[in-house]
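Chains as they are written, first to last, in UniProt numbering: chain A, 1 to 194; chain B, 1 to 194.
One or more hints might be untrue.
The list cannot tell twin chains apart, which means a pair is met if one copy fits it or any two copies do.
Restricting the straight-line Cα-Cα distance to at most 35 Å, the calculated cross-link-like pairs of lysine-lysine (DSBU-like) are [unchecked claim]:
# : residue 1 : residue 2
1 : Lys26     : Lys155
2 : Lys76     : Lys155
3 : Lys26     : Lys2
Keep in mind the hints are simulated off the structure, nothing from the lab.
There are 2 protein chains.
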Amino acid sequence: MKMIQFWFDFASTYSYPAAMQIRQLKDEYRFSLHPFLLGGIFQKQGLNDSPFNAYPVKGQYMWRDLERICQKLDLKFHRPVLFPQNGLLAARIACQYASAPWIFDFICSVYQANFVQNLDIGQPETISQILQNMQLDCNDIIMTSTTDTAKQTLKQNGMIAESLHIFGAPSFVVENELFWGQDRLQDAIDWSQR
Amino acid sequence: MKMIQFWFDFASTYSYPAAMQIRQLKDEYRFSLHPFLLGGIFQKQGLNDSPFNAYPVKGQYMWRDLERICQKLDLKFHRPVLFPQNGLLAARIACQYASAPWIFDFICSVYQANFVQNLDIGQPETISQILQNMQLDCNDIIMTSTTDTAKQTLKQNGMIAESLHIFGAPSFVVENELFWGQDRLQDAIDWSQR
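So that you can see chain A by itself, here it is in the shape it has in the complex:
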C-alpha cells in the first residue's frame, strides 16, 4: 500500500471535507500530512486573492457546491464571514507536529473553527483554545512551532509543493501521480492500492 501525501491549506474550503474524510480513513490507508500556504502559489499565477474572490461567479458556485458536499458527507458547514482566513500559525503547528498522535484532531478542529464555528483561525487565541480543548500545552506547542527552524520547514513545504506542480488544495500525491481536489480523494486512494 503506497503512501498518499495530503497537501492542504487551512484557508482552503474544499480541504475541510477532505481533512474530515482523511481522519476517518487514516487507519485504513497510509497518509502523510503536508500543510502549505497556497498564497505564494496564487501570487505566481498573478492572483493576490483567492480565485473564488477574484472570480465571484466561481466563488458563489463553490460555496453552494461545498454546502452540497458537506450535506452528502454529513458534515456541519457554516459559510464563514471572513474568507480566506490566515492559516499561518495553524500550518506551522501542523508542520512541526505532523507525526503527533493528536495531529488529525487538531487539523479537523481548525477546519471546523473556520468552516463551522465562524471563528477567526488567524487569531492565536483561536488556535490556543483549540489546543487547550485537546488538553495540550498550547504555550509550548506555539513556541516550538514559531521558531525560525519551524518557520523554515513550512516555507520548504511550499517549495516542495511547487516542485510537485501543485497549484491548489487539497492535493494528493501518490508516487509521481498528482490528484487535485477533494473529489479526487477516492482516485488517490485507488492509485495507492495499485
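Once you have looked at the hints, place chain B on chain A.
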C-alpha cells in the same frame, strides 16, 4: 424525473467524456442539450485564452487528469496538437438540430475528432465529413445552421448560460441547481431523481 440541462462547448476538454457518458445515459434519464461558447465568458473573467493555457501548471494537470478519466471510462484519448479549437460551426449545428435523432452521435463524433483523431474541428471540411459519415446531407445542415437566425440562437444560449451563472464546461442545470464539471454528472443525475 427532472430534466438535466447539459451545457457544453466543443473546445472544452472535460466536456468530451461527459458527452460520451450522456449518450450512454440518454434513454435512462432526461437530458436537454445546450451548446454554448465559453470564450465570451472567459473574456469577462479577463482571460483571452483557455485558463489551461493561461495557467500552464493547471493545463499540464488537466491533460493528465483527462487521460486518467478516459482510461477509467474506457474512452480513447489523444491529446490534440491544437487547443483550444474553434467549435463555432459545430455548436451552431448542435444548437439548430438539438432535437434531431442523430444529434448525440454528431456531438460525440465532433468530440472524438477533437480529442481522439487530432482533427481540426474549426475546419468546415471536418464537420462536413462527420455529417457525411453519418449519411446526412451536410450542405443542407450547414446552410441551415449558419443563417442569421441560427447564429442568433447560439448567441442567445451564451446569454442564458451567463444568466444561469455558468462559468465553465461541462455544466449541468437541474431546476435551479448548477453543477460544474464532468465529475458532477452523477450528482446532477441524483438531483434530477429527488
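What hint numbers does the structure not satisfy?
Every hint satisfied by this model.
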